[in-house]
Amino acid sequence: MGDPLRSAVERYARFRTQWYGLPTLLVVVFSFLAVLPMLRGVSLLGVSPLGWLSLNSIILTLVWATAAQAWNIMSGYTGQFSFGHAAFFGIGAYATILLTADFGLSPWVGMLIGSLLAAGYGLLIGVLTFRYGLEGHYFGLATLAFAELLRYLFNNLAVLGGASGFFKPLPREYASGPGLAAFQFATDLPYYYVILGFLALVSVVSLVINRSQLGYYLFAIRERETAASAVGIPTFRYKLLGISVSAFFTAWPGAFWAMYFNTIRPDTVFDLLVNVEILLPAIVGGVGTVLGPILGSLIAIPASEFVRQSFEIPGVNNAVYGIILIAIVLYSPRGVVSWPSRLVELLRTRTALLSDDVR
Amino acid sequence: MDWCFASSRGEWIASAVMAVPSQLGGLDATVPLSLPGPAILAQYLVFAVLLGGIYGLVALGLTMIFGVMDVINFAHGALMVVAMYALMTASRMSGVSPFLLIPLAIALLFILGVGIYRATIAPIIDAPQENQLIVTFGVLLILTSIVQILFGSDPQKLELGLGSFRVAGVFVPEGQLYALIIAVIALAATWLFLQRTMVGRAIRGTADNRDGAQYVGIDVPRVDMLTFGIGAALAGLAGAVVPLFQSITPSLGDQYLINAFVVVVLGGLGSFPGAFVGGLVIGFIQVFGLAFLEGSTYQILIFLVFILVLLVRPEGLLGGASDG
Amino acid sequence: MQDQQTDRFSRRDFVKYSGVTGVAGVLAGCTGSGGDDSGAGDGGSGESGDSDESSGSTETESAVDEVVIGSNHPLSGSLANTGVRMDQAVQLAVMMKNEQGGIESLGGAQLRTISGDNQGEQELGGEVAQELIDEGANVLTGCYSSPVTSAATRTAEQEGIPLVISVSVANSILQDTNLNYAYRPQPSARRMGIDHARLLPNIVRDAGQEIQTAGLFYIDISFGQSIRDTLREELPANDVEIVAEEAIGFGDTADTQVTNFRDADPDAVIATSYRAETIELLNAMDNQDYRPPILAGCSNAAMNDVSALEQMGETAEGGFGTNFALDPTSSRAGDVRTRFEEEFDSGFDANVAMTYASTEVIIAAIEEAGSADPDDINDVLGSITVEDHIAAMPPITFTENGENENSLAPLHQVQDLRDRVVAPEKFAETDPSL
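Protein chains in written order, with my numbering: chain A, 1498 to 1856; chain B, 778 to 1101; chain C, -19 to 414.
Possibly wrong hints are sitting among the right ones.
Cβ pair distances, simulated, as ranges [stated by the list, open to error]:
#1 A:E1670 to C:D315: 46 to 52 Å
#2 B:Y992 to A:G1633: 19 to 25 Å
#3 A:F1512 to B:Y992: 41 to 47 Å
#4 C:E321 to B:A904: 51 to 57 Å
#5 C:R185 to B:L877: 36 to 42 Å
#6 A:Q1710 to C:N160: 54 to 60 Å
#7 B:L1081 to A:V1539: 51 to 57 Å
#8 C:D45 to A:S1540: 25 to 31 Å
#9 C:D396 to B:L1081: 57 to 63 Å
#10 C:E297 to B:I962: 34 to 40 Å
#11 C:L397 to B:E951: 38 to 44 Å
#12 B:A816 to C:E297: 43 to 49 Å
Calculated from the structure, these hints are not laboratory results. All values derive from a computational prediction rather than experimental measurement. C-beta atoms are modelled at their ideal positions from N, C-alpha and C, and glycine is treated no differently.
Sequences and hints are given; from them, build the entire structure.
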């Protein structure tokens, strides 16, 4: 009776090992995401199964998916666990809104400059920490310190908005009105497709790196850095490349945040929790994989949303969400991307047992 | 908003150039440049030591778990909060002095710590470190939410009627002083425990070399369980002294947590005396930073010092001292 | 845009029918005495007794004889202590209007409150606003934390539902935007700073005392810095020199800050902080045997909160505060305060008063519109003048950008550990004692 399931799963496992497996899956996932806003309105037998999912919450899901995807390029691929990506997120948010508000630049230019600044800050962090050989928890705590440093710097500098931060200017102040050029829209749906575009782009970059020579070097650093360096891979340079690319793209969801929400402050975009929210989808989904951060985000954030709507008593939702996080990590330490392969293993051992019985 | 930041370009640059030096690390612009009198300076000194001692105490449990198990316990601050509210509730309900109830808070937190270890840490002790981070973060969410649902988020204060001593024009608040004394006793007791008992030696052995400990017959999972329990108990002790001098809220743990991270690294991973040295460094930066720098600029200084120590002396100011 | 509106089957209902709320019900039983947190949903503990049952039922849907006010406040998280009370203020205003026979111009239509918990998170400001709108809110109020309010104004704007801000001090919420559906009866941070810098020195000097120097104590977040920046400008304009500025962070004690004040020795210490930090300030003053000649709070809710004043004790006595306040000359205001304390068994502070007044503005607008249609209500809000409200403020009427043209933050003094308005004269209930 398990046969059809088993053969389906086996076929899937074979498909996954093909060169086109992952890209095909990505196309499937992104096609799903492209129609997701419409799916929320579809009702089956009088019940709309996705009706509870608001556009706002799936936009947030993609914000964190994009950030996690960017985080993954460095921390997932090279194994240098960053706990301070809020720094890059916040730089992206601030540069975008500040350059638009005070200098009348296009937010897109602001975002690009923000990305470069974030990459530069990443480079600085990398040069210092890698030069001094920080690893593991020490590296994680150092990145956290670099992020917290920015939070207090922005909080204490009036030119950077102080604790009140910035409000995004009206579109007519720097563009002809709302629209793609202004990075501001009258409704939420265009925002959704902008962040979906960001996620797609960062995912493609991640996929390309994953498949390239660079990816092999980064993985080598993750597995055995000394060995990698012994066979002549310039590990220092590749780690720097990893952190800059990662920082560059982490600034994008930050920029999006600034334009989507009206206002940013040090205690919203540099908040300690932002660090957690950036890496959480990757861990839930599967660190070091292209699909992991997307799937992780698609599970973690709607789960938090579902729990929030389910409990009438304020505060209970956070406790339940904590339990869910613990359960996912405990029962799936390699992330949800490992579920199909674990199913394969499970079915194989089970059929092996069954056939033993028959004999 | 316009009084907050200049809006035109020229002004912006001009104010940026002018503002950076005066705002960062500059002396309080509004206060005439003069050194305060000796009584005031002595007062700062007293506060720096008191605050540093408390920061050291707060970091003890964190540094222990970090040093032995290589786990960053994000729930450390939340464990403190549990102890704060447990102590306050027990004291209010029984009418017994909170000082006498501190051992109760410690015992409760030890049990809670062992429970958390068995349920969440033990199954994934060999998994990548980020998994432990998420798990302890989950515990943080659960504990904080429960405390908040039970007690609300209004700040609560334990009415002890503690005042302050006045010595040569310098005030020493009783609450903080007792907290410091308790901290020093805790440091001594834990240090003796680690140095003089079999279990303590097993814990130190495991901290030095986990694989080696296994080979010489130390039951490492058991040591881990005890370590996590003791770490939580120390968080309980730290949490139990906070209501002696401060009003408490369910989110108070977060603030102490960040400071504790810094203290642990400054002092050196797993080093108990180091935790106090680190605590004093932070205490001095905070008090003198508040006294002479504008706003919360001292926080920037703390993280700069933190990064500097990480880079130049990652083993911490007193790294390895506890092994001797 | 069709996808903005999910079908009648609202999200919360979907989840409800999937059976999860059963768990919540059990947990509700467990919270016991912490019952004042149950502000979410349908009115909670305050519904028992004499109030009519229509305000208690959320399941019945009929748009004809009911108008729904969506209350979007932090009911959990670190701001929950105030957020829950603000939510209760909305409920009380609605309850009292219903007891008086509902909306007259709608033939006695009943008002109903639905509450959402924004947790003080920017991400949830718009989300909760959307949920409340989906559940049928005709008009919204909220949200306390300014970034959250700002996010909610976005949603209100897109959906065309008016939002009357309960409390949110940040200047920029309305000033740097052109919102058509947002209104703020309360004074902004800037307004409050200006009123404080004018009223406090006046009253002190009128009493024959001097105030030449001041020290500022502020919480180092947006709220504290905004007031600080205004006071930096306005105090010198009123001949008061700032001789010390002391910041405090969340969870810190105020020992060093008080030592700095002792050293600078200002005539007045002006505190802009939340309850916990204000308690720490006074505690540290006690410990260092220091009390400035004049102690004041600017936008400091602890100075208007009887339970906080009791916690702070004698040192707070005689202190001044500038904040929104109840109009002591109105007998209705006193009734509201008493009723609130009875109904919810919790302290009535400035934020509660302001939220109540904002809800009164909403109710007046519905009454004047004679319609439950959000656009009709919004049109009225644009031109309304609300004379009869409980805040110590002239009639509330909104400017082009939605700010209250007559917003005012009166000065009060703590006398016998209660806050009594002492200035301006129009609202003064007692003389200042110095």
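C-beta pair R185 of chain C, L877 of chain B: status relative to the range 36 to 42 Å that was hinted: This hint is violated: roughly 52 Å between Cβ atoms.
Range hint 19 to 25 Å (beta carbons of Y992 of chain B and G1633 of chain A) holds or violated: holds, 23 Å
Range hint compliance [Cβ, F1512 of chain A to Y992 of chain B, 41 to 47 Å]: Distance hint for F1512 of chain A, Y992 of chain B holds at roughly 45 Å.
Whether the CB-CB distance between E1670 of chain A and D315 of chain C falls inside 46 to 52 Å: holds, 48 Å
Outcome for the supplied range 25 to 31 Å, where the beta carbon pair is D45 of chain C and S1540 of chain A: At roughly 29 Å between Cβ atoms, S1540 of chain A and D45 of chain C fall inside 25 to 31 Å, so the hint holds.
Range agreement (Cβ of A904 of chain B with Cβ of E321 of chain C, hint 51 to 57 Å): Check passed, 53 Å falls within 51 to 57 Å.
L1081 of chain B paired with V1539 of chain A, Cβ distance criterion 51 to 57 Å: Roughly 54 Å apart at Cβ, these two residues keep to the hinted range, so it holds.
Status of the given 34 to 40 Å range, CB of I962 of chain B versus CB of E297 of chain C: The hint (34 to 40 Å, Cβ to Cβ) holds, given that E297 of chain C and I962 of chain B are roughly 38 Å apart.
Consistency of beta-carbon spacing, L1081 of chain B to D396 of chain C, with hint 57 to 63 Å: violated, 49 Å
Pairwise beta carbon distance, A816 of chain B to E297 of chain C, judged against the given window 43 to 49 Å: violated, 27 Å
Hint check for E951 of chain B and L397 of chain C - Cβ pair distance inside 38 to 44 Å: violated, 24 Å
Range agreement (Cβ of N160 of chain C with Cβ of Q1710 of chain A, hint 54 to 60 Å): For N160 of chain C against Q1710 of chain A, whose Cβ atoms are near 56 Å apart, the range 54 to 60 Å holds.
Violated hints for the displayed structure, listed by number in ascending order: 5, 9, 11, 12.
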